[in-house]
Amino acid sequence: MLHSTLQDGSTFFSDEGTGLACYLARQGYDVYVGDLRGKGKSWPQVNASSAFGSHQAINEDIPAMAHKIKMLRGDIPQIWVGHGWGSVLMTSYYARYGNSLCSVARMAHFAARRKIQSANSAKAFFIDFLGRKFGKLLIAINGYIPAKKMRLGASNESRAHYQDYLTWSSTDQWVDAEDGFSYGEAIRQQQLPPSFYFAASSDKAYGDPDDVREFMKELGPHDGRLMVLSRRGGNARDYNHLNMVRHKDCDTDHFPLLLAWLQQA
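Using UniProt numbering, you'd call the opening residue of the sequence shown number 1 and step up by one each time.
Take the hints with a grain of salt, since some may be wrong.
Unchecked claim - Label pairs and their in silico Cβ distance ranges:
#1 233 x 27: 31 to 37 Å
#2 143 x 74: 38 to 44 Å
#3 249 x 150: 26 to 32 Å
#4 173 x 48: 37 to 43 Å
#5 236 x 118: 40 to 46 Å
#6 217 x 252: 26 to 32 Å
Stated by the list, open to error - As a list, the in silico DSS-like pairs of lysine-lysine whose alpha-carbon atoms are at most 30 Å apart:
#7 70 x 41
#8 217 x 41
#9 136 x 148
#10 70 x 136
#11 115 x 149
#12 133 x 70
#13 217 x 115
#14 123 x 204
For the record, the hints were derived by calculation from the structure and aren't laboratory data. Even glycine gets a Cβ: it sits at the ideal position worked out from N, Cα and C.
Produce the complete structure using the sequences and hints provided.
Have a look at this one:
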C-alpha cells in the first residue's frame, strides 16, 4: 500500500484497528504498508536538505519495497493499493518497469488522480491557494513543506517532490523531471492488471470523481472499474479524501466489494 502527498502509511490504518490495511489483514491477507523516504517511520524525516523527488520514489523507493516483499513472501503475484498521489507514483513505476521486478496481479486506487481537469471552489482554495501559492511560500521560507508542524498533513514534503506534484497536477505532460522519461506514453504500452478505482463524491478538491475518471482513461485500455461513493448512491456516508480508506463504516460498506473483487483473481 502506498500513501499520497503530505501523508504516510498511517493513511491505511489506525491504532484502533480501523482502515483498509487492518481490514484486509483480518481477511487473511499479508499486508505491507510503505512509507516513502522521509515519511512516517522512515528516517531521517524530510527536511530542507532532502534532495529527492518523484524520480527517486519511482526508481528507487517503490522497487525497494517490492523487492523486500518478494524476499519475505517469495515470487508470488502482488496486489498494489494506492491512495491519492500514491497511485500516480505506483502507475508511474509500472509504466517504466511493468512486471520486470515482480508480478502485479491487481491494483486498487482510492481518490487517484493526476491532472486536475475541472475547476470548482474547493479546488480554488485547497489546490490553487493552499497547495500552490501557500505551498510555494512555505518552500521559499523553509526549503521544504513542514506539513506536520503546520498541520497540513501527516508528513513533510521535499521541495522536489512537491514541485513534481504541482507540475504533474497542472499539465498534460506526464514526464520525469530528471531524465525526461514519458510516463504518459509508456503506460499505454503496458498491459495494466485489472484495476478498481474508488472516488468519493464529496471529495471535490484532491480526488474529484471527474479527475479520477480522467486518470483511469489516461492509463489506456485496461480492465478498470470505477465506483463513486456517496450516501445518495447507497453508501453509509459521504466520505472525504482520507476517511474513505480508514473510517470504521468502510468495513461493512465498500471494503467488502473490494474484497470480493480481489478474490476473483
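Problem - 30 Å Cα cutoff - pair residue 136, residue 148 - result: 16 Å, holds
Practice task
Mind checking the alpha carbons of residue 115 and residue 149 for me, to see if they're no more than 30 Å apart?
Solution key: Distance of about 28 Å is within 30 Å: holds.
Practice task
Starting from residue 133, check that the Cα of residue 70 is at most 30 Å away, please.
Solution key: Between residue 133 and residue 70 the Cα gap is close to 41 Å, so the pair fails against 30 Å, i.e. violated.
Practice task
Given the hint that residue 123 pairs with residue 204, test it: the Cα-Cα distance must not exceed 30 Å.
Solution key: Within the cut-off at roughly 7 Å; holds.
Practice task
Indicate whether the distance between the beta carbons of residue 236 and residue 118 respects the range 40 to 46 Å.
Solution key: Violated: the Cβ-Cβ distance is about 27 Å, outside 40 to 46 Å.
Problem - Given pair status - residue 136, residue 70, alpha carbons within 30 Å - result: 38 Å, violated
Exercise for the section: Take the C-beta atom of residue 233 and the C-beta atom of residue 27, compute their distance, and say whether it sits inside 31 to 37 Å. Expected result: 24 Å Cβ-Cβ, so the 31 to 37 Å window is violated.
Exercise for the section: Take the C-alpha atoms of residue 217 and residue 41, compute the straight-line distance between them, and say whether it is at most 30 Å. Expected result: 34 Å, violated
Practice task
Look at the Cβ atoms of residue 143 and residue 74 and judge whether their distance stays inside 38 to 44 Å.
Solution key: 42 Å, holds
Handout entry: Cβ separation of residue 173 and residue 48, checked against the hinted range 37 to 43 Å
Key = About 28 Å separates the Cβ atoms of residue 173 and residue 48, which means 37 to 43 Å is violated.
Problem - Restraint status (C-alpha distance of residue 70 to residue 41 at most 30 Å) - result: 21 Å, holds
Exercise for the section: For residue 249 and residue 150, compare the CB-CB distance with the range 26 to 32 Å and indicate the outcome. Expected result: For residue 249 and residue 150 the Cβ distance comes to about 29 Å; the hint holds.
Violated hints for the displayed structure, listed by number in ascending order: 1, 4, 5, 8, 10 and 12.
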